[in-house]
Amino acid sequence: MIPILSWLIFIPLIGALALAVLPDDRKDLARGTALVTTILTFGLSIILFSKFNGETFKFQFVEKIPWIEKFGISYHLGVDGISIWLVMLTTFLMVISVWFSRYVNQKVKAYMALLLLLESAMLGVFLSLDLILFFVFFEATLVPMYFLINIWGGERRAYAALKFFLFTAAGSILMLVGMVMLAWIHQQQFGSMTFDLVQLQSSIAQGEFWTGFLHLQAIVFWFFMLAFLVKMPMFPFHTWLPDAHVEAPTAGSIILAGVLLKMGTYGILRFIMPLFPDVIGQFVLPVMILAVIGILYGGIVAAVQPDVKKLVAYSSVAHMGFVVLGIFSLTQTGIQGGAIQQLNHGVSTGALFLMIGLIYERRHTRMFKDFGGLKAQMPIYAMLFLIIMLSSVGLPGTNGFIGEFLALMGAFQAGFAGMNGLTVVLPAIAATGVIVAAVYLLIMFKDMFYGPNNNSENQRLKDIKPWEVAMIAPFIILIFWGGLQPAVFFERMDASLNAARLMATTPAGERPNWSEKAHEISAEGNLVVGEATSFPDIPETHFATEGHH
Amino acid sequence: MRLNPLHTPPSIDWMVVSPVLAVSVGGVLALLLAMFRPKADNTAVIWTSLLALFGAGYALVAQLPLPEASTFGDMVYRDRLGLIAQLLIVISTAVVILFSEQYLRARRIPFSEFYPLALWSSAGAMMMVSTKSLLMVFIGLEVLSIALYVMAGMAKQSNRSEESAIKYFLLGSFASAWLLLGIAYIFGTTGTLNIEAIAGAAVSDNALVRGPLLFGFSLLLIGLLFKAALAPFHQWTPDVYQGAPINVTAFMATVSKAAAVVTLLRVLNHALPLKDFFIPALTVVAMLTMIVGNIAALAQTDVKRLMGYSSIANAGYLLVAILAHVKSPDQVPVTTTLFFLVAYAATTLGLFAILTLAAKDGKEETSFADLNGLYHREPILAVCLAILSFSLIGVPPLAGFLGKFLIFQDAIVAEQLPLAVVLAITSVISIGYYLKVVRATWVDEPQGEISTRSVLPGGAKFAALACTGIVVLLMILQTPVSKFISGSGQPSAPLSASANAQPDR
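First to last, the sequence lines map onto chains A and B. Take any residue in the first sequence, count from 1 to its spot, add 1071: that is its number in this note's numbering. Take any residue in the second sequence, count from 1 to its spot, add 1145: that is its number in this note's numbering.
Since the hints were derived computationally from the structure, they do not count as laboratory data. As the structure is a prediction and not an experimental result, all values here were calculated from the model. Just so you know, not all the hints are guaranteed correct.
Below are the BS3-like pairs computed for lysine-lysine, each with C-alpha atoms no more than 27 Å apart in a straight line [stated by the list, open to error]: (1) A:K1446 to A:K1517; (2) B:K1628 to A:K1135; (3) B:K1472 to A:K1141; (4) B:K1628 to B:K1505; (5) A:K1588 to A:K1122; (6) A:K1588 to A:K1135; (7) B:K1508 to B:K1420; (8) B:K1301 to B:K1312; (9) B:K1628 to A:K1141; (10) A:K1178 to B:K1312; (11) B:K1420 to B:K1472; (12) A:K1135 to A:K1234.
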């Protein structure tokens, strides 16, 4: 079978290179090439999805080629129930971003090439199973985003782009040190370095890895955590986000909110939970406190913003707080909630930025004071905006409800059980964040769509075009689908989420092990040790060449 | 004087000295040729120089599988470290020559003497890295430096160039004097000029031996730290880098730095018993260098000056790699230092090759504003410049990232976490100024008309593209390159810089 994961990563890259050789003046050709490339990638991800087996927590379609053998670094890709959804989200949002970018008129070729490069890097992040490979893609996303903000951004773009780059790079450089420390510990314990996630996790699951190095676990945990906290972003590391969002062009904002922030929460699920089981419990409380502060602070600050985009940016801080709240409850429900909430946030906030982009292209302003009474002027736009806004509020029946509800419920469960020093106080405070969200989002909607329409500029506005409605339609479908039938989503991620939870919470020896054939996760979320033959099949790519170790 | 008939002159292994010979004789030929050729045409001189460098490169590669050897009464020494370092010097010189001619013409200083001077200078650098004799180190250093003093002042009509040459000459001679005095003290205590003797004398309990040895060793280090531009001996660098013609700056930043760093590595490697004395001192030097270089660079508005500070910062990173190696020589190989040097040389040379665009009508403007609009004029070079800047920042998967990653790894293996953390923090600081270069190239639009002067000639374009290619591919091809550098595939001469050969990690 073809190495499908590699193709996912490299198709956008090939598209970007193809764009580079196109003539400068053929803007439509550049747009078309980019759109075709993203649609191809999306199609391929759907094929991947259809062959994906949701019953196993193991990595599927694994590809492994030795890269820097001396240090145990390999080109190692694989997909599981956590990453498959983020891959789908990425390829989907990229199609929309490129589609919307018809509005971009300057340096079209470079713009499209950068978007495609970004897509390659983001997919690489979600598919890498090697720490260094992950870091390569993680950092590589900064470069295209830096240019997108700095060249096509708003007035303070230089400041915002530099801040974005500095904050996220500063956060992740210590993660690199942490990665090297992991490899070094592996060398001390087993005689050889490795950066392979599966290999590291395997020895951690058996409890052989940290023996004698327990004092380092907390340091390395925070080295990793810092990178993810900045990326998410979590209070107090969030200050780069509003700037970056406000200055970024619309497609940049969609991707930033929809995908780039998810790299932080994905990092927690993929690295923090399996790698630091002995210390994660004692850091639940500080991280939860940060999350709750983020939920309230993000919400309150969002409520006083004069700029729609800035409001949505701060609401992201609050929403990502719920994701962390859920995941760090370390309960089955909470982790489910966190994992689904990150997808929902990608859909609803991505859609909100898209809606703001549509109005911005018409009016070149995003200030509340310039709007009002748009509902009569643009009824279809208002209706779509309402649905998306309500999904962001977390109205039952929309996807936003499921995520926030489950995350809060998990946190309450942990609080009532008194796990890891938690009490119900924190989740109770966090729950008020839901109300705050309703306040600022409803005020936003009121200010924009109701009241008198006094501004003569606004009176000339026409409703959005059919192609724009078509562009928004998939978001609406996803919002209701996720709200009414969340089981469809959970079916394919539960095994992996349960595995992540068990890796973080059970004692050594009882932890699920990615490379142990006899391990599987039951439907109830428990570890089953048994004969590999009775387990579901793991789809493979016959591309893996084991190194000559 | 009659020779003692019993004393047979030592047999000379010409193979060992052939690379240095090829380069210096090539320089002489180039100079002779320059005398007979019309001033307007340097083609023959350039080709002679490149041919000499090619010959030297060939001789170096041919010697790679051969065992270690010495000749001229132990004055010249062949080992893998020296061969690889010489190869780097030879290739760097060739790249500098590739982008020199058009630049020198644009600055109206088309002196053909540049080429022989560059060759002799790199011959000096090659001598420095291929010897274990302190006297040879000194001679090599002087040959390297004296030619460089002249080259730095080559742009006679520019005050900055004159200033650069004078400053470099005065401070350089001062540093050479310290170095020489240090060598004298070491000679006084050990009775030999061979570096290997330092280790023997260092374990002596005799205070009369140890005291002067430490003093002499410190002076020797100071001389080398000066050449490698490590804080607090870095003050000359920004002025000299800014004033010298771009191609000379590129030469200084790569050839001169490589020679100093490799010599430092070799000296420290043979003074391991003095570890407790020099590791704390050099740790402070490394931290100081990384901090000073990176912070001072933030305030710069001139790309050449910025590169001066950048080269200081990079010297600091290199020192971290060296320190990790000397702290635990059995676990940390010297390959990291060489790898970082290769990455750094490729990046720096590529950047300077693109900067030669700045020369026009005998002047050159290298402020950030002069890079504006490069995207319109030379889109491919603008991409290259961005890639090179991101490599200097350390964005994966570029060569600069690999270099820093390897250093991190070494520092952690050698349990020097503070150095790794300072390296991490300062390289975040470096984002601030390297991104200015990217911004100037890609974001800020030029004031007024877009100049059309800027068609980069073929040689420079080739140099820039080749360097960018290396920067992009180095990490992907890490395994084969590392095998080439360390020679782990060849049992005859694996890379072993310390006295006891160490297995490849």
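- Message: Are any of the numbered hints broken by this structure? If so, which, sorted upward?
- Response: 4, 7, 10 and 12
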